Amino acid sequence: MTLKSFFASAICFISLLSSASADILIGLQTPLTGPAATLGKSAKGAAEIAVDRINASGGLLGQKLVLQIYDDQIQGAQAISIANQVTSDRKLTAMIASSYSEPTRAAATIYQSAKMLYLAATASHPDITKAGNFVFRGSHLGESQGEQAAAYMKKQGYKKLSIVKVDNDFGASVINGLKDRAKQIDLGIASEYAFSMSDRQFGTLVANIKRDAPDVVYICAFEFNGGPLVAQLRAGGFTGPLVACQSMGNQVFLQITGPASEGIAVIDTRAPDYPNPAFQDFFKELKARGAEASPDGASSTYAFFEILADAIKRTGSTDPERLRDAVAATKELPTIRGVLHGFTAGREVLQEYPVLKAQNGKFAHVESLEP
Amino acid sequence: MIYYADLLVNGLALGCLYAMASVGLTLIYGLLRILHIAHAGVFTLGAMIGISLTNLTSSLVIGFTGAICLSMIAGCLMYRIFYERILREPPHVAVLISIGLLIVMEDSFRIIFGEEGITLHNNPFYLKTVDVAGIQLNVVFLALAAIAVITLTGLAYFVNGTRVGIAWRATVSKPLIATSFGVDVIKVRYLAFGIGSMLAAIAGVMVAVMNNLVEPSFGSVVSYKSLAIIVLGGLGNMNGALLASLCLGLAESFGTAFFDSYLDRNAIAALVLIVVLMARPSGFGRGTA
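In order, the protein sequences belong to chains Y and P. Under this note's numbering, think of the first position of the first sequence as 89, with each following residue one higher. Under this note's numbering, think of the first position of the second sequence as -1, with each following residue one higher.
Wrong hints could be hidden among the right ones.
Stated by the list, open to error - Selected chain P positions facing chain Y (Cβ under 10 Å, derived; list incomplete): (1) Tyr2; (2) Gly9; (3) Thr117; (4) Gly132; (5) Ile133; (6) Phe216; (7) Gly253; (8) Ser280.
Said to hold, decoys possible - Quick list of the computed label-pair ranges, beta carbon to beta carbon: (9) P/Tyr1 <-> Y/Gly351: 19 to 29 Å; (10) P/Ser259 <-> Y/Asp215: 17 to 27 Å; (11) P/Ile71 <-> Y/Gly378: 27 to 37 Å; (12) P/Met276 <-> Y/Asp361: 55 to 65 Å; (13) Y/Thr327 <-> P/Ala268: 30 to 40 Å; (14) P/Leu261 <-> Y/Pro422: 45 to 55 Å.
Note that these hints are calculated values from the structure, not bench results. Just so it is clear, the structure is predicted and the values come from calculations on it, not from any experiment. Note that CB positions come from ideal geometry on N, CA and C, so glycine has one too.
Okay, chain Y solo, but in the shape it has when bound (with noise of 0.2 Å):
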């Protein structure tokens, strides 16, 4: 080999080391396929924007921010799947994850015996920062959900309450909440219901309703069930007010109900005109990029990311123990859902709950509700 050649494989091989480091690789597990595509959408949409942003200001650490995006059609195989190969390869820094609370749970784990960062945005199971330190959550404990949505039901005065909800964790978890606040605030429970994550036809659900004719009643689903329900109890003559959970809150559900959601109530999501500047420049954004369906996922989402470049560069490292105690020490951060005050020693995060009411076809911010 003659000096000239050494010196020009030297330069080849620094250089692949350079770039081989250059990138910081963040990766996102959300349903891209399946029943659940509306919220990948707007995850995918919303950390493309986050991604697109830190990069524009200079990146992190000197690096770039690469994002690598992972579907798993809400299928807790799936997730595993995916989450094996990537705490084999390794090449992330952290993992976060928008989806529903089935393959965040079966994922968890995985991540945690890895010990690389996993970040859920939206699912909330109880079970999933129970896997251990290497996992946090960024939206709200189904429980708290459940308990903030009984203050709010109690503070509007109603005293009799009927319960439907989708028979899954996220249903389970949330109406858990609910009931032991319930207890708690003496707010009486008149009725509970469940149905199948497949079921559309509620007649005998309206018929009970209308039977038990409370005061109101709280529902717990997804906008593709949720919906077909709203429009079947108003159709079947039930005209009390009806309260909802976050995953109704969101474009397709308005659009499937029509004037039939008009009053409802939803709890802990955000509607475009939430009150918060930067929120609002990003929705703006995030409608360009026509991923504005679930805007409160979508905030989540981009939330992590300002989460985690706030870690990394108060670390100074992409370490995983370090930065996993930098997330858990964030305090009072700002970000684009209001301001972060910290995790809680289980990893859950402390935040407002904002409530949205559809008003014309549209939701509006109406007030917003402290942890």
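For this one, chain Y is given, so just place chain P on it according to the hints.
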């Protein structure tokens, strides 16, 4: 009292929905002995076309007509491409092809129409109800019920009580003899698929209007309930299929009212199927031909 009347009416309406969704499948099985599981895909296809055309033209009449015509063509093409060449094969071959076809159709709907499904931009019907003695009846449900009863009883009479209908049935058990009597066997088969697909499209569009939503997997619940109805109804028996649909609807309505803490609606339907078949293995009616 109104509560129980509400449950009864709801159960009958649900039964009519199932009847409408499965009448085409019953006709195809009765005349051709093909378990056309992809019929659920035609149900969804009709709904997707109907809603898309209605949104495009602001006319539900055009949407309906387009859905019916295109679904009939799709049904005939399915027979021509997938089933015609395997008629002499064992029945499981058609079933496997049909399952694969349904999966491909659902994924195609996902790609073409989007994951979230589609809704009607302007739907004046789905919130409209008629008050009958204190019970609110959705007008679309009423229309669906009326069409289901007329269609099933009409088809039952046609298949069992007319010379043409009997000739059609003869093409199943004795195709050569039927041909020698001047019955065009090929035409009967295409007509069965065409009419069956037309009925699926009508049901699909009406259910989509009622829910104001049609998703790629719109037909999946309908598919296995239609199979249950064919079996309960007596394998190709139209009157049996109507009776089975109504029983299933009532069982789900009353069953969910009293047992929903223990079993969900689909489990109740499955339980009914098991109990009826154990007591009466041939179902409610005798099979045709």
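Range hint 45 to 55 Å (beta carbons of P/Leu261 and Y/Pro422) holds or violated: Holds, since P/Leu261 and Y/Pro422 (Cβ atoms, about 49 Å apart) stay within the stated range.
Would you check whether P/Thr117 satisfies its interface hint, that is, whether its CB is within less than 10 Å of any CB in chain Y? Status holds, d = 5 Å.
Does the interface hint hold: is P/Gly132 within less than 10 Å of chain Y, judged Cβ to Cβ? OK, holds: P/Gly132 within 10 Å of chain Y, min 9 Å.
Can P/Gly253 be said to touch chain Y, with a Cβ gap under 10 Å? Nearest chain Y Cβ about 9 Å off; hint holds.
That 27 to 37 Å hint for P/Ile71 and Y/Gly378 (C-beta), does it hold up? Holds: the Cβ-Cβ distance is about 33 Å, inside 27 to 37 Å.
19 to 29 Å was suggested as the range; check whether the CB atoms of P/Tyr1 and Y/Gly351 agree with it. 26 Å, holds
So, as I understand it, the hint says P/Ile133 touches chain Y; can you test that by seeing if any CB pair is closer than 10 Å? 9 Å, holds
Verify the interface restraint on P/Phe216: the C-beta must sit less than 10 Å from at least one C-beta of chain Y. Holds. Min distance 9 Å.
Is the hint on P/Tyr2 kept, meaning its closest Cβ partner in chain Y is under 10 Å away? 9 Å, holds
Do the beta carbons of P/Met276 and Y/Asp361 sit within 55 to 65 Å of each other? Given a distance of about 59 Å, which is inside 55 to 65 Å, the answer is holds.
Chain Y contact restraint for P/Ser280 - C-beta distance below 10 Å: At 29 Å from the nearest chain Y Cβ, P/Ser280 fails the 10 Å test, so the hint is violated.
Report holds or violated for the interface hint on P/Gly9, using the least CB-CB distance to chain Y and a cut-off of 10 Å. 8 Å, holds
Of the hints listed earlier, the one the structure fails to meet is number 8.
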